[in-house]
Every structure is written in C-alpha cells, then in structure tokens.
Amino acid sequence: MTGPATINTTSGCGPAQPLRQRGQHEVFCGLTSIIWLHRKMQDAFFLIVGSRTCAHLMQSAAGVMIFAEPRFATAIIDERDLAGMADMHDELDKVVARLLARRPDIRLLVLVGSCPSEVIKLDLAKAAERQCALYGPRVRCLHYSGSGIETTFTQGEDNFLAALVQELPEEPAGAGPSLLVAGALADVVEDQFRRIFEALGIGPVGFLPPRASTALPHVGPNTRLLLAQPFLGETAKALERRGARHLLAPFPLGEEGTTAWLKAAADAFGVEPGRFAAITGPGRARAKLAVGNLRTELEGKRVFLFPDSQIEPSVARFLHRELGCDIVEIGTPFLHRHHLAGEFELLPDNVFVSEGQDVDRQLDRCRAQKPDLVVCGMGLANPLEAEGIATKWSIELVFTPVQGYEQAGDLAELFMRPFARRQRLKVSA
Amino acid sequence: MQLTVWTYEGPPHVGAMRIAASMRGVHFLLHAPQGDTYADLLFTMIERRSTRPPVTYTTFQARDLGSDTAEIFKTACREAVERFRPDALLVGASCTAELIQDNPGGLAAALNLDIPVINLELPSYQKKENWGAAETFYRLVRAFAPAPAGPAPARAPGRLCNILGPTSLGFRHRDDVTEVRKLVESLGITVNAVAPLGAGVADLARLPEADFNIVLYPEIAGVAAEWLKRNHGQPFVAVPPIGALATGDFVEAVAAAAGIDGQDVPAARSRLPWYSRSVDSTYLTGKRVFIFGDATHAVAAARIASRELGFTLCGLGTYSREFAREVRAAAAEHGIEALISDDHLAVEEAIVAAQPELVLGTQMERHVAKRLRIPCAVISSPVHVQDFPARYSPQMGIEGANVIFDSWVHPLMMGLEEHLLHMFREDFEFNDAAQPSHLPQATPAAGAPDREMATAAGPLIEVPKALAWADDAERELKKIPFFVRGKARRNTERFASETGVRTITLETLYDAKAHFSR
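Chains as they are written, first to last, in our numbering: chain A, 771 to 1199; chain B, 964 to 1481.
Same shape as in the complex, but just chain B (with noise of 0.2 Å):
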C-alpha cells in the first residue's frame, strides 16, 4: 500500500478515456461500479467539453455482485451499441471490475455484434493513465492499420506524413496540434492524418499510407509508432519542439525524414532568443530552479532553463517510469541525479532539500511551492481547469518558445525589485513578508511570517545540534533576501560541519560565502 495525498496519474482506463473521447465513432464500453462516472467531469468540466464523453459505464452496485454482473455488462454492451452506433467498441474494466474478473472481451464477442470490437486489458494496480493512453491507442492503431502479410516495404523519404500522440485531457494538446502543423506545414509536408486528437477509424486506416510519423508526446504514441515502423515500415521522428533549440533540432529531423534539402527549412524563429539575451534577463543568470513533469515536458524544460534562459538546474524529476531512462540521461548532463518517484511525498521533500528559487512542474509542485513560498509555473500534466485556457497556448513549436518564455519568468521577482531588496531590507510595504509587487497581492500573515522555508515546511529540515548560530550571525542571515536564504543557510552549515565550526558567528557566514562563491 502507498500513501497518497496526490496522485500525479489517474488509473490506466482514465487513459483508455482520453483515447475514446479524442476520436470520433469511437464508443467504450467500461465495466466499473457506480461512481466511477466521476471521470465524466474531467472532460465536462476540466477541458470544457460540450458532449458527453464517449464512455457508457455499467456502474453495478453491492446488490449486483450477488446476482449477475456479467449479464449487466451484456445488456449495457447492447444497448450503448444500439443507441451510440459507433464504428468500434472498446471494452475494458475498471480496478474494481478487474477483481470481479467479468472478462468484459469474452462477453462482448459472445454478443456477435456488428462492428468491430477491441478489448483492453488494464491491468490498474500495475499501471496507470499514460500507459492505459498508449496501451489503447496501439490496440487500435494494430486493429485498424493490421501490418501487411509479408516484411514491412522499404520506404524512401517523403513529404507525407502523420501527427501522433495529442489527446484529450492532454496538457496544451489543442494548441500544439495547431502549431506543429503549422511548422511542418512551412516545411512543404503534407499532414496525412492526425491522431488520435479528431480522428476517426478511417484515419487510422489511412495512417500507413503516410512516408513518415511525428510523435508528439511519447508518452501516448511511443508504442503504436514503434508498432508502425515494425511493420509498416514508418520512420518516425521523436524530437518534442519544445524550446527554440528543441524546435529547431526538430525542423531538422523532420527535414531530413522527409528528404528536405537545408536550404528550404524556413529560418522561422521565436523571440525567446531575443528575450533571453537581452540585457532585463541577465539577473535569471544562475537562478536554481527544481524540474517536474512527466518525462517530455520535463527534459525539455530542463533544457530550456539551463540552455535557452541560463537557468541552474537543482533538481530534475518525473513521475513516468517508463522513460526513467531518458530523464536520468538528461540530469547526468546537467550534474545531478534524477528524481524518478510518483510519490508526491517524496517530490516534496527533494524541493525542500534542493532550496530551488523556481519550481517548474504540475499542479502538484504548486501546491508544494505554494506552501514553501517559492515561485511555481506548471509545465506538465496533471493540470486543472485554468491550464486549458480559452487564449493560444502551446508549449511546442515557434509560438511555444514565446509562451514559455513569459510564464516562467512571470513569477519571479522582477529585477528592479530584486535589487532594492538585496539593499533595503526595512521597506514597510516591500519586504519579505510581502508577494513581488507585479503579482496579486495576498492578505500578508499575521506576525510576519519568515519566508525561509526550513520554517514554512515544519519539521522537514532540521539543523543539526552540534551546530549553532550566534544571535548576529543569525540577524545578518535574515539580511539576505528571502529566495536565496534557504541555500546561504543550508551552504553556511554545510561549511561549518566540514570545518568542524561548532557556533557559526559572523565571520562564519562570510568565509563559507567566499568558500561557495555566491
């Protein structure tokens, strides 16, 4: 058993979901108890959706269980066929149903029904909502693309090619969609067909016919891409644009898939660049910033903030085990070592133990930042209703780098006010205790709350008792603006352990500054 307070994914049928209520003519059929129609409401009411989700539940009860669950999942299976007449059932069973062992597949084929039907087996005490994506959308990419008799054909590049792995639910899908197919689009490169966002079985049909495939988030379409190339013999190219370095490398890769010369890549780019270099950013130089998503939007915003805003790395995480891998590759690069974890428990205590002045990650890490008072902007799913804006908002592409670049710079201090802090630390109306003067103000706490968070986050850090802090050295720590205090304390003790400083006094704190260099 795992304690959880958040859970950074749902079950893996909320996956097999989004699959369903990406696509169009596309009905699922799920065995799971009453109750579980909560799932409804991501859609109705997180994502906004005017339709009812594709999703018929059997929602048996106690009294059920006694007499005859499968029949109740027979007539639902009819009756949701009658009434929805989609082009293909998906079945599967939630975790309750799974305990009952109902084998909704084996019911569904007894009922020789008349369109295709695919069942889904989600193994929910096992895996979760992305593999469940991914496990449903290769059922039905294998189901209606079946691989050729013979070995895959050898294919040469070509200017054809398909959209992968954006879904509902899916942290800025719409408008990435919009966006990479723009890019590809200026490439001269036809899009075939898009999946599974708005498609239809017939698409599914027709993705073979393309030279070519993008997977947008591996995560979803990782496996049905792989399955293509096996046996269709689809390249496909797997290099998320998120970022301006990461848009290019994927022009580049897009290019060469489908046999583009260098000279026709359009020289399109995003003013993160600009914005970066310009002077107004040069105080983001170095600022510690803690990473968390899933493994895509994670391992391109680590190389956004160190390669594209200057940005010191200070932790980087993700919750999708299935690509612990690339992300433990990706913090090797930047000299430390990966938080694979889904337990939001732990993520929680490697902020507190990293003292970043940014945290990058879900809506999780907002609430974590949010108790420790460190600026937070969400990069990853899970998000809630205010990340499925009405306004343009992708996170890939040109367009993408522009909306990055603003919303993670937004929560921190501005410069000016930054400086004036590091001088006048007396201020009544800008101090510590109060927000940066840009953002919404919040009722300042009573007793003016010290904003290091070894206080705001109880008992998680502890000073060692050998060590003590003489009463000016103490005063002279507060001097420090509040977003740096955590790191010039914890560097300060550190030092004084190694030195073998028993009180830390005033000469203290600044040899170990010197020692540190910050």
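Isolated chain A, as found in the complex (with noise of 0.2 Å):
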C-alpha cells in the first residue's frame, strides 16, 4: 500500500524501475488546468460541476489574483440536488441558461466533472449533448473530467484537449503532410515556433488547443503529431485514433530538448541536414549562451523534485544536461514510459525516479538527502524555505514562457533565483 520504509538510493532505480508509492498526494487536481486554459482559448468558458470545494479551490490558486470575471465558473450541487428534490440536469440547464445570457459572445461551453459529480455519476455526456442541441450551432458544448480522482494538475488539460480532438475537423481529400503540436504554449512560444517551422518548410501546421474554438486545426492519417507538454497521453492517443502519426521526441525545454524536438518534425517532413542546421543554428547560439551564462552558478547544485506536472523528467534532463546538476530524486505523478523515453536516454541510467506519492516519506527521503534545491508545489515550499532548504515552486514551470531556444536562458533563470536571493537577503527569518 505505501512505498518501504528504507529506500536503497544506490541501487539504481531507474526509470526502468521507479518506486511506486501510495498516500497522501500533496498535488492539484486537474481542475486547476482552467487557470491557464480559460486564457489560451478565449472564447471558450469552463462550467465546473461541482461543490464549493472545487470553487473555493479554483479561486484559492488562482482566482483571488484575478481582478476580473474570470471565463470560468463552477455551478455548486447543493443538497437539494442530492436529496434528489431537484432534478440535477433541469438544474444544470438552469445554470447554463443564466451562465450565457451573462456572457453572449462564449463559443464553447465546457461542462467539466469534478470528484462530487463523477462519484454520483452525474452523465455530463448526455448534459453536453443536450446543451448542443438548445444553444448550437452558434454555441458548442463539451464535456471532460478534471476531478481529483482522476486526474492530476495538467492531466486536465490533457483531458481537455483529448475532448476538444473529436471537435477537430476531418483533414481534406487528398490533403498533403501536416504537423500539429499539441499542448498549450505560451503565445510567443507558439509564435517563434511557428516561425522556425515556416523557415524549415514545414507545413501546414496547426495548434492544440487553438487560441479560439473556431479556429481549430484539422486531423488524419497525414498529420504528424508533435506534443510540446510531456502530459499529453490520452491527447495523444485520441489524435493517433483519428489517423494522427505521433513523432516522439524529447520535450522543447533547453537548446538540447528544443533541437530534438524540432528535429523529430524536420526528419518526418525530410528537412535536408543543412537547412535544418542554418535554420536552428542561431537559436542553437543564443540558447546556449544565455544558459551558458547561469551554468556556473547551479554546476553541482544536488536537485530533487517532488511531483507536481509530470514536466520533471524534462526539467530534470534540462537541469542535468545543461546546467549540471546532480538529480537526487525525479518525482512524477504518473510516469508516461513511452512518451519520455527519449528524455531517460539523456539522463543517468541510475536515476532516482518515483511516481506517485506518500509526501510524509518523500519529505523524509528529502530531509537525509540535504539537496541544495527542491522543486515543489507551494504547500510545500515556505515550509521546506523554513528549514533552511532552498525551493523553486514548481507551478511557475507551467505558468511561465520556458519552451524553445529563446526561453531556454530564463528557464534557467527560474532555478537561480532563489540562490540570487539567498544570497542578496542579508536578514535571517
């Protein structure tokens, strides 16, 4: 049920063999996927299904920093609902219709399940469909899970996106190769990567999600599928259902990471070598610079990473790879073995990898192992900051521009930080 008691580091526990652990979880649930996503697609409008935990956990994160009406809401089942003296889809209907009459210029409903909603087994399929049909064409609806029960953090936007794919039209007749990447970027990320594509001549190419619903990109059996976040599995798998050839790469993080990536698609559109390497040459350049400048300071730093995103194997080989660190412990809460593959090749095969999570024991592994920084979620970090254990809150690592050659310097800059301002602040709490 939970992980041994004593954890032979020295054995090798690779990715061949992470340590699977079962407790208390200290992550989000995939609710909080709406905090970046309600951005990225304007016009679209997330309805949680749920209780006042879920609100009150939505505007906790996040919320409370938003000093505006936010594209997302939660409709609260009360006890009338459960009692049954309510019926719950008449009530849903109700919600929705105030919902879009406050807010005419939504084009995508998305209905999202939460743990209350799946564990009573409210059929949000059937609310969506029924939505359609009342407020389409103008109005789409869809349905996904972010629950906690079923989902972690990004695993709801993975969700999100794997709904949004039978959503996506039909590639044309006769249509030639296409890439898509899948995953949500930064604007300006999609923007340079966009470019490098169009300088390598590759195309069409489409993103997922797309910045507005009526703009989605289309799918089949001659797209190549590129995935830009690591917590893409069930995306993957519906894109490759609708014909969607996955290239598998490392993850755009770092000079190394964003030129495998980028390779990966060059290769599938047969890129001739030296076009590929004046292309990326210069972004190489920069990239490398601007890392090169930070690898001093964090050479040698001992890292450890608690679960959060699923991104830290890739920030792990980044920190690895480029900056020098020694990685103590790769904690991940679901371990996608073939899509992250390629980022195990670059690391130590002696890697210390553990998915899932019992946090008391992890924090006791992380205490004996005295790392000189550790990557974690903020329930975490001030207390850890407290012990004198210097921390880099892990949600920043979704939260901020940190794909592709030009973002690769301040990526870096994320872990240095907090050495800089140790080193500046000259009071002791």
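Source of the hints: derived by calculation from the structure; they are not laboratory data. For clarity, every value in this text was computed on a predicted model and none was experimentally measured. Worth double-checking, as some hints may not be accurate.
Unchecked claim - Here are the in silico distance ranges between beta carbons for each label pair:
(1) A853(A) / G1151(B): 53 to 61 Å
(2) L852(A) / D1050(B): 32 to 40 Å
(3) A867(A) / S1149(B): 57 to 65 Å
(4) R1187(A) / V1348(B): 14 to 22 Å
(5) H1373(B) / D1180(A): 32 to 40 Å
For every residue, glycine included, the Cβ atom is placed at its ideal position computed from N, Cα and C.
Using the hints, build the complex out of the two chains.
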C-alpha cells in the first residue's frame, strides 16, 4: 500500500523500476489547468460541475489574484440536488442559461466534471449533448473530467484536449502532410515555433488548443503529431485514433530538448540537414549563450523534484545536461514511459524516479538527502524554506513561457533565482 | 445548483482545518480525494505560515473507489498518529468523502488510538467554512472542558477572562488579539486563555477557570461561548470592539462583567474621533457607502461609517446567514433593507443599483468595485495575501480605529481635488478618466471611457425606453463628477417618470436636483 520504509538510493532506480507510492498526494487536481486554458482559448467558458470545494480551490489557487470576472465558474451541487428534490439536469440547464445570458460572447461551453459529479455519476456527456441541441451551432459544448480522483494538475489539460480532438475537422481529401503541435503554449512561444517551422518549410502547422474555438486545426492520416508537453497521453491516443502519426522526441526545454524536438519534425518532413542546421543555428547559439551564463552558478547543485505536473523528467534532463546539476530524485505524478523515453535516454541510468507520492515519506527522503534545491508545490515551499532548504515552486514551470530556444535562459533563470535571492538577503527569518 | 463565480466561504472542512491549524497539538485527519490538499496553500501562501498545517489527507483516487477507501483511511489515521504524536485527533470528511460515506468517526474509534479522537460531522452540501470552524471549536471545547455533573455553578464577577474566536486565516485576527489583550489588561483584567489561536488542548481544559469569556468573532466562537455559559455558568461579552464607539461599549461591558467601577476604566482613545471631526473630513459627510462582509465586520462597519465618519449608508449586507437577524436589525436602524446573500452576482447587482461612492467589502467586492470604478476598501474575509500584512494592523480596539480611518478614507478622492473637479471639467490631466492623483496611476483606457456605472456595468442598468435625454441635458449631466453622476442620473430619471416627463431637459435635471436636495 505504501512504499518501503527504507530506500536504497544506490541500487539504481531508473525509469525501469520507479518507486511507486501510495499515500498522501500533495498535488492539485485537474481542475487547476482551467487557470491557463481559459486564457489560451478566449472564446471558451469552463463550467465546473462540482462542490463549494471546487469553487474554493479555483479562487484560492488562482482566482483571487485575478481582479476581473474570469471565464470559468462553478455550478455548485447542493443538498436539494443530492436529495433528488431537484432534477440535476434541469438545474444544470438553468445555470447554463443564466451563464450564457450573462456572457453572450461564449462560443465554446466546456462542462468540467469534478470528484462529486463523478462519484454521483452525473452524466455530463448527456448534459453537453443537450446544451449543444439548445444553443448550437453558435455555441459548441464539450465535457471532460478534471476531478482529483482521476486527474492530477496538468492531466486536466490532457483530458480537455482529448475531448477537443473529436471536434477537430477531418483533413481535406488529398491533403499533403501537415504538422499538429499539441499542448498549450504561451502565445510568444507558439509564434516562435511557427516561424521556425515556416523557415524549415514544414507546414501547414496547426496548434492544439488553438486560440479560438472557431479555428480548430484539422486531423487525419497525413497529420504528424508533435507533443509540446509531456502530460498528453490521452490526447495523443485520441489523435492517433484519428490517424495522426506521433513523432516521438524529447520535449522542447533547453537548447538540446528544443533541437531534438524540432529535428523530429524536420526528419518527418524530409528537411535537409544543412537547412535544419542553418535555420536552428542562431537560436541554438543564443540558447547556449543564455544558459551558459548561468551554468557556473548552478553546476554541481543537487536538485530534488517533487511530483506536480509530469514536466519533472524533462526539467531534470535540462538541469542535468545543460546546467550540470545532480538529480537526487525525480518525482512525477504519472510516468508515461513511452512518451518520456527520449528524456530518460539523456539522463543517467541510475537516476532515482518516484511515481505517485507518500508526501511524508518523500519529505523524509528529501531531508535526509539535504539537496541544494527542491522543486515543489506551494504547500511545501515555505515550510521547506523555513527549514533552511532552498525551493523553486513548480507551478511556475507551467505558468511561465519556458519552451524553445529563446526561453532556455529564462528557464535556467527560474532555478538560479532562489540562490541569487538567498545571496542578497542579509536578514534571517 | 448555484452558479458561482466567486464564493464567500470555503466548505466546512476548511473551517475545521483553520481550527486545527490555529492550535498546538491538534491534528486533523481528513478523508478527501486527491487534490483537496490545495487548502494547504491557504496557510502556507496566503498566511505565509512557515510550517505545514497539521492536516493529513487520505487523497483517494478513482482506482481506490473500487477497493477499500475505508482501509486507506485507517492506514492514514494510524500513520498520522504515529508520526505526529498529537494530543488530540480530529477526523472528518470532505464533500466527496461525504458521498461515499466511510464513517471516519467509526473507523477511527475501531483503531483504539491512545489519544482522544473527535469526530466531526461537516455537512458540505449544506454548511460552509465559518460554520465548520464554529462546530469544530465547539466540539473541542466540549471534549476538553467537559460539563460538570451537576448544574452550572453561579459565578460572581471576577477579573479573569478568556478571549475566544481568533483563528488562523482570520481577517486581522493576529493583531486584533494583541490589541484586545492590551485593552483588557489595561483594565486590570487577566487573560486566562486565548483560543483557538495558539491554544493547546490543556488550555481548553483551563477555560472553565476564567470568570467570563470575551467573544471576538461570534461567527467562530459564538456556539462554544453559549455552551460554556450553559454548562460552566460563564457569562460572555460579545461586543466586537471594532470602531471608537464599539470599543467604548466593549470596555464598559467587559468592566461590568469583571465587576470593575467606572473610575478604573482608562480614558484611552483612538485618534479617529478627532481626525473625523477635523475640518479636512467635512467633505466625507454624506458620502454614499455600500457595506458587505461577514456579519460582525459588516455591522461594525455600518456603525463606524454612519456615526463616526458621517457617511450615508446606501447598502448593508452579509453572507453569514446564521447572523441575518442582527444584520437586518442594523440595516433597519439606517432605514435600509439588508441584503442577506452568498451569491456574489446578487451583491454585484445591489451595488450597481445603490450607486455608492465607496464600497466597504470583501475581496469579491473589490472585483466588483474595480469593474464599476468605485473606490473600495476591504473590511472582512474572504481576503487575499495583501490583507495579511507584515505591519501591525488590527481592526479592533484603539489602534484598530486608527487603522480603519486611514484605510477607508484613502481610496476616496481627496477634498481639494474633488472641488477642482467640480469646477473645471475639461482639464487634460485631472479629469473623470484619471484616477485620483494620490493613487497610483493606471494607464488610461483608450477612447476616454465614461466612468458612469451604467456604462461600465454593461446592460445591468437599463434606461426606461419611454424616457429620453435631450442633448443639452445629457451634456450637463456629464459636468457632474463621475462619483455622483450615476446617482444624479438615477434621481433625474426617477423624478421624470414620477412627474410624467417624457424627454429630460436641462430644466428637468435641475428640477430633480432641487426636488431631492442634492
């Protein structure tokens, strides 16, 4: 049920045999991904069907920092719904009617399932279908689950994109090869990649999710799929079911990751090696320069990563290969071996990986190892700082543009900043 | 189902968590799905607490539902007790765990733990955060200060008191306790125990030793205080000392409970009365203010606003349904009807309808006020990180009144600037589209927005179709500064429809002004 009490860290616990743990998971549920998804797709509205806890989570985790009405809300299930005094589907219809009257600009309504709605088995598929019939075709309606019992943090995006896949138009008959990049990226990163693909002669290129629900990319047997994020297992499966061919690659973090990622697409589209080198050359040089400037500060630092977003193995690879850090433990909420194979090839064979969590035991391991830097969530960061351990809160890796050449320096900077700050501050808490 | 953009309170288990996190040696085992640990960051980020809250979550997942979630609970329970060695264990369920009905109380009892276990029934689909906190505190008090076998002893007034109610994540509770303790001690009264903030279970056991209780936050400690009164015969004072007048009343009530003569009461006073009386504050007279928050802070704010600052109340409400009666009574004193609602959209509608010049509310009203471009100050939970300041900033007692004067007046446009705006409307820098010049400047929106609420709030205010504004009247209306323009438009239209005028002219505008004397 729980991990072994004593862990032999020298025995080489590579990706072949990760430590699997069951216990308290100190992680977000998938609902949290709405925080960035609602900004990425501007005409979408995310309506969580859940409890007051779900609404409270959303506003605590993000909402109270947002001083405007966001494009997400919660339909709170109450006693009357549970007691069967009110028909839940009628109630939901009323909530949706009120919402759409208030926000006539919504073009995509997304019903998001939560733990309570999943446990009582509220049929959101049926509800979504009904809203489509009522408000379509002007308003599309989708549903997916972001519940904590099924999803961890970024898996919410995975489920959303997987649901969006069924809405994608079929590629036109006789279409040539096209590229589809899946995973929400910062607008500036998306634009950079678009320019590089264009220069390489790769195209047409579609991004999932697109910035508007009215501009969905097409998919079909000639679509080549590149994942921009490591947490998209379900999305990849859904796209493959529609004929897309997945190009396996390390993820575009750092100079090395970005080059390998672009190379996977270049090879699939038959780009000449010379042309590839010429186009990516300046970006690679800039990334190496920016990261190199920070390497002296981070070389030899021992880093411990707690599970959060599934980005941890890619980040560990970047820290290890480009900044010379030693990786003490890579924690990940879920280990997609196939998608991450490219990352683990670049990591030492004996790197210690844990999948899942028993937070108290993991904290024991962490304290025993005395790492120089801990990458962890906000529930652990300040307490660890108070114990004298430097931390980098992991949520920033999801909320900051970090992919691609031009952001490699920024990514390194994120890990340098806790050390720089400690050096500057002459007051002790 | 209720459409909720923002919620004023969290679920009841968050209230329970606040009690556990306030105390020493109390651990909370919460049966909850993966993800509910988000609540930890309320404490570690918003309150900047330096330790993890004493909460262990079972964080079950979907695959566990098929097997034995009860077994997961029991394992977590055993391990938490072993690891943290608390003096007492609270057990409860979050909203999802409530649905699967594993009975945490029964499961914990079956483990035969060597520490007291308190089972919490927290109906998540019915009750909310403050209720959860009150219930948890009450259960703890009952458990550790058990009722004596016989009837409650009669007590004579005495100078030993408890301070009840302050908690972790409470709005300014940290500094309120310091201020109230100082105030109480200046009367020659000794504080026996403060709870739940900083208390251990041994302190709860000592509660009956005090002669009386002071309830700072009835939302949290009201139920426990009633119980202590019934079972231990302890009277309690529940006059939250928020504001200069209330602080005076509080001192009087506490002195009476302690059997202290009038002569012993110190004449300590806040600066608020003089600041408010000084001529620079004259322009505050009759400013229309809308107040919303928890019942304690809303009622206190209403009294300060009207009696101590000379504002006019145009709205008063609370999300604390348990205290609706008190808030209704306070509103009736001001000739208005109280808004009792936890629907943030209903509060927004009420603010738009009331057209206030200042909003005193929670973090949520800050959102609304920003959208409507009305000055706003925060007076109550829910609040965010900036309302857990480093500096000493109580709301209660002498210093609390000083803090309140500064923070409520600050968002308003200062006197001279307001005068000049009335006189000269077309200044290229100092005009309606600009922020008050003592506040940080936001970049002016493109196209010089009309600051009138009717525009900012979109279609929420509809001009009756039968009414039309003549061009010259419309132009004249724009010469009225934005913070009173909405009200002027309202009054004029009301006057027009009452007198049967179809087109509002310059004359109508001034007729209405004379009619309403404003």
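Hint check:
1. A853(A) / G1151(B): 53 to 61 Å: Because 55 Å falls inside the window, the suggested range holds.
2. L852(A) / D1050(B): 32 to 40 Å: holds, 36 Å
3. A867(A) / S1149(B): 57 to 65 Å: For A867(A) and S1149(B) the Cβ distance comes to about 58 Å; the hint holds.
4. R1187(A) / V1348(B): 14 to 22 Å: holds, 19 Å
5. H1373(B) / D1180(A): 32 to 40 Å: holds, 37 Å
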